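With the hints as your guide, set chain B onto chain A.
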Amino acid sequence: MSANRSPLPRLLQLMVLSVLVLASCQQDSQETAQLRSEPPWLVDVTSSSGVDFIYHSYESGSRLLPAHIGAGLALFDADRDGDLDLYLVQGNDRLPGIGKQSDLPNRFFRQESPWQFVDATAESGLGDGGFGIGATTGDFDNDGWTDIYVSNYGPDVLYRNRGDGTFEDVTESAGIDVQGFSASCAFADIDRDGDLDLFITQYVEFDAETKCTSAAGRPEFCGPEAFPPSRNILLRNDGDGTFTNISTESGIASIAAASLGICCDDFNGDGWIDFYVANDAHENNLWINQKDGTFVDDAAILGVSLNLNGQKEAGMGVIAADLDGNSSTDLFVTHLDMESNTFYRNLGEQMGFMDDSGISGLGPSSMNYTGFGVVAFDLELDGDLDLFVANGRVRSGPKRPGTKSPPPWDHYSEPNLCYINSGSGRFVDGKEIVGDFSSVVETSRGLAAGDIDGDGDLDLVVSNIEGPARLYRNDAPRAGSWLRIRATDRNQGRPLLGTRISVTDGDRVIIRTISAASSYATATPAVVHIGAKDPGSKVMVRWPSGEREEFNTGDWNRTIDLYRGEGKKVE
Amino acid sequence: MSREFRSRSRVATLLLLIVFASLSARNTFAQQIDAARFIVEGMETPVIRVIEGCIRRIDKEPQSYRRYYELAATLDAHELLAEATTYYQKALTLKPDHLQSLYNCGLTYEFLGRPEDAKKSWDQIISKDPQHPQTNFRIGEFYFRKGALDEALACFQIFIASQPDSAIGHSRIGRTLLQLDRPAESLVELEKVLQMSPLDRPTLVTISQALLRAGNREKAQEIQQQLKDDDFLSDSLILLDPLRTEVAIRAVNSTSCIARAENHEKKGEYASALMEYELAAAGQPNNARIAHRSGKVLVALGNSASAIEYFDRAIALDSTFVDAYHNRGVARQIAGIRAAAVADFRKVLELEPGHPFATEQLQKLGEL
Numbered sequence: 001m002s003a004n005r006s007p008l009p010r011l012l013q014l015m016v017l018s019v020l021v022l023a024s025c026q027q028d029s030q031e032t033a034q035l036r037s038e039p040p041w042l043v044d045v046t047s048s049s050g051v052d053f054i055y056h057s058y059e060s061g062s063r064l065l066p067a068h069i070g071a072g073l074a075l076f077d078a079d080r081d082g083d084l085d086l087y088l089v090q091g092n093d094r095l096p097g098i099g100k101q102s103d104l105p106n107r108f109f110r111q112e113s114p115w116q117f118v119d120a121t122a123e124s125g126l127g128d129g130g131f132g133i134g135a136t137t138g139d140f141d142n143d144g145w146t147d148i149y150v151s152n153y154g155p156d157v158l159y160r161n162r163g164d165g166t167f168e169d170v171t172e173s174a175g176i177d178v179q180g181f182s183a184s185c186a187f188a189d190i191d192r193d194g195d196l197d198l199f200i201t202q203y204v205e206f207d208a209e210t211k212c213t214s215a216a217g218r219p220e221f222c223g224p225e226a227f228p229p230s231r232n233i234l235l236r237n238d239g240d241g242t243f244t245n246i247s248t249e250s251g252i253a254s255i256a257a258a259s260l261g262i263c264c265d266d267f268n269g270d271g272w273i274d275f276y277v278a279n280d281a282h283e284n285n286l287w288i289n290q291k292d293g294t295f296v297d298d299a300a301i302l303g304v305s306l307n308l309n310g311q312k313e314a315g316m317g318v319i320a321a322d323l324d325g326n327s328s329t330d331l332f333v334t335h336l337d338m339e340s341n342t343f344y345r346n347l348g349e350q351m352g353f354m355d356d357s358g359i360s361g362l363g364p365s366s367m368n369y370t371g372f373g374v375v376a377f378d379l380e381l382d383g384d385l386d387l388f389v390a391n392g393r394v395r396s397g398p399k400r401p402g403t404k405s406p407p408p409w410d411h412y413s414e415p416n417l418c419y420i421n422s423g424s425g426r427f428v429d430g431k432e433i434v435g436d437f438s439s440v441v442e443t444s445r446g447l448a449a450g451d452i453d454g455d456g457d458l459d460l461v462v463s464n465i466e467g468p469a470r471l472y473r474n475d476a477p478r479a480g481s482w483l484r485i486r487a488t489d490r491n492q493g494r495p496l497l498g499t500r501i502s503v504t505d506g507d508r509v510i511i512r513t514i515s516a517a518s519s520y521a522t523a524t525p526a527v528v529h530i531g532a533k534d535p536g537s538k539v540m541v542r543w544p545s546g547e548r549e550e551f552n553t554g555d556w557n558r559t560i561d562l563y564r565g566e567g568k569k570v571e
Numbered sequence: 001m002s003r004e005f006r007s008r009s010r011v012a013t014l015l016l017l018i019v020f021a022s023l024s025a026r027n028t029f030a031q032q033i034d035a036a037r038f039i040v041e042g043m044e045t046p047v048i049r050v051i052e053g054c055i056r057r058i059d060k061e062p063q064s065y066r067r068y069y070e071l072a073a074t075l076d077a078h079e080l081l082a083e084a085t086t087y088y089q090k091a092l093t094l095k096p097d098h099l100q101s102l103y104n105c106g107l108t109y110e111f112l113g114r115p116e117d118a119k120k121s122w123d124q125i126i127s128k129d130p131q132h133p134q135t136n137f138r139i140g141e142f143y144f145r146k147g148a149l150d151e152a153l154a155c156f157q158i159f160i161a162s163q164p165d166s167a168i169g170h171s172r173i174g175r176t177l178l179q180l181d182r183p184a185e186s187l188v189e190l191e192k193v194l195q196m197s198p199l200d201r202p203t204l205v206t207i208s209q210a211l212l213r214a215g216n217r218e219k220a221q222e223i224q225q226q227l228k229d230d231d232f233l234s235d236s237l238i239l240l241d242p243l244r245t246e247v248a249i250r251a252v253n254s255t256s257c258i259a260r261a262e263n264h265e266k267k268g269e270y271a272s273a274l275m276e277y278e279l280a281a282a283g284q285p286n287n288a289r290i291a292h293r294s295g296k297v298l299v300a301l302g303n304s305a306s307a308i309e310y311f312d313r314a315i316a317l318d319s320t321f322v323d324a325y326h327n328r329g330v331a332r333q334i335a336g337i338r339a340a341a342v343a344d345f346r347k348v349l350e351l352e353p354g355h356p357f358a359t360e361q362l363q364k365l366g367e368l
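In order, the protein sequences belong to chains A and B.
Its first residue numbered 1, the first sequence is counted upward by one per residue in our numbering.
Its first residue numbered 1, the second sequence is counted upward by one per residue in our numbering.
Calculated from the structure, these hints are not laboratory results.
Remember, predicted model here, so these are calculated numbers, not experimental data.
C-beta: ideal position from N, C-alpha, C; glycine also.
Please note that a few of the clues may not be correct.
As the list claims (entries may be wrong) - Pulled a few chain A residues facing chain B out of the computed Cβ check, cut under 8 angstroms: (1) Lys-211; (2) Ala-300; (3) Leu-306; (4) Ile-359.
Isolated chain A (complex conformation) (with noise of 0.2 angstroms):
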């Protein structure tokens, strides 16, 4: 947040926010409200940051799959210098069917000072020339530096960070053999043996001469029943810079179900990572860790399969968080049009999960967009979590007004989404209080969200098909405080993804995972941000190997940084 904002009127905006939340909740219960402000909440700084990035999808008339799956992006602090640097993934011309065009890489970002960027992609050697989808970060070789890896349309790659502002490609010397068409990847320790494994969605069996037409007789991108559905990839981590793929012994591969979205967190509360797959028109997969290398999918008894109706839908982007703030975690799953975005809210007790998307508000709203990146945090810092969806279409509708995108683009844009918190997991619509970041109509697919300012609140950035990457600065009212946690161990010094923090924020309890793997082929910074009213002095952190410690927090509105080991165990 800039210095030059006034708080008076943040302090009006979250009165007349508190009214309007709180009179939502005593109008019809049914009724999804909108809440309205001015400034608006997020300002979309682009222009002035440098970065200058277009994902160009190279469609050219042919409505080939890959053109429209649009690609994801990496908010992460690569260089340590403890802000955060952006790493964009761009499509290409090697499309069966599409001409030779001019090669664009990926480009990296590296963030210089609060909201200026410098291309950094050269001396980076981040500039992969893949058809690329998306990435997601870990540091697999334990030294301390944030590493990268490139899903794509064609061979994936992974960028071992040398800690000097440049990274290798050691695809090769890792073991790394992943063709196909991956999508969202996630790096977890899997076998708690201390090192990052590496799970890889893989969509379709894409092939360019299935062609699809609108029941217009229209040619229009094909939907994933037009292929083969394909299975998923795990890969074991050695331990020694190498990596095995262990996809069909660990159980993985038993099932081809057109994979796009991921995310990992303990769901059945038994200390191991487990994984949240979103399928596209297949049944959604929760990969429930056996601890012996294995996985059994368990989405179906625990309810997170299929929508409240015995639906597949089309499973995008996904997110696990206690998004009703009952100390369990939640799943959320964008999806198609007409299909709405889908919350299972955690019953806890072993009783699973229920699709509660009416009751929560969550679920008509999204009946008309498309969703894809997805990302919750508290954007007030009032102690809950608010919900952010990047919505774009995969089939061609009626230009919507204000659409920014070229043809056949403009037909294919929305307005993204944002709700607000109640506090208990119902959610009013937020619209037009983030100001640009729901009034842009663009074909929105990546969405992340970092401090990337380093002023305490998160911040937005949006990747976009055929339009530029969006970065969106928090200017929202401050509710309470806030604490930025990160987990590590002291002798690897990176971060332990899977962490499970708790504290308290007056008599409720707030959980929040370290992860960096969720939204849509996106990764997060992996670190815990957490708003509060009344914060607590104490955290409770349990570790990706099972052990509890306790910290104190000290003064909030700070990062702090805990280290495994030094805090008090916790039986």
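Frame of chain A, contents of chain B only:
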């Protein structure tokens, strides 16, 4: 220039003006309708012809609500939704109590993401016919999506009162009751669905959840194990949300869809063929042949799991359909469900002894 020439020129100009005026008058409706709004580059010629035909008929009978309804339904079926609502409304201006326009317009608003407008349209039907089953179902869906569960339940119960054999009706009631935390009552409804569609996987999933909520963990785990083990379980087509089907069914000529599908199939354009077969099936939902052809196309697309669902549907509609058994056997074989494939090939031989392909398949599988 001679006087005679000038005079002739004036006459010619006058004639031209008359012709122009006449043409202008004739084109009044076409201009009002502005076909260019929905006839766009890349659209298939047959679709354009159908739309143009509708416009010509409006020209001939500009006061006929039915002609506007036809245009609206045609535009609707071809996903020109915003334009469709304009002409539904025009039809309703001419005949305010035209139920089909009200109903379809509601569906189209729903597709356009305007559920409140959809409900207003359906409420007009209910004001005239409070028990109208399909409209009650749609309003029930509207409430269900919003989480207004008591209201949804009331609507679904009106629907099921007149459609007691509707699997989707019982399914919705069962799921609404579960959402209302009334698992015991939910189970009663879901069991009815299972009686109609015993292998429906989503229903079994919900039953297991209802059992858990009802405190019967043991039985829930039994079903969960069945869900893990049983390859025969699939999604029942009778439980698909009819919304899409209902929209597709309007103004669709199934015969022409089949013809287009066959044409696509011959050219190896399987995805397009599938889409046409699905449209055709929307118009003829009980046609086993269409379901069978969809299954074959899905096999060609490499999607044997979905293909099996379509062959299931074909067999459910015609239990003596030899080719459907045979092709389901092939699809199951591809999907690695060997025992089920063998069962299908044996069924083929039972229905048609000596069937050469089934015999060959069984020999290959070492079962003959």
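| query | Honestly, which of those hints from before does the structure not fit? | reply | none
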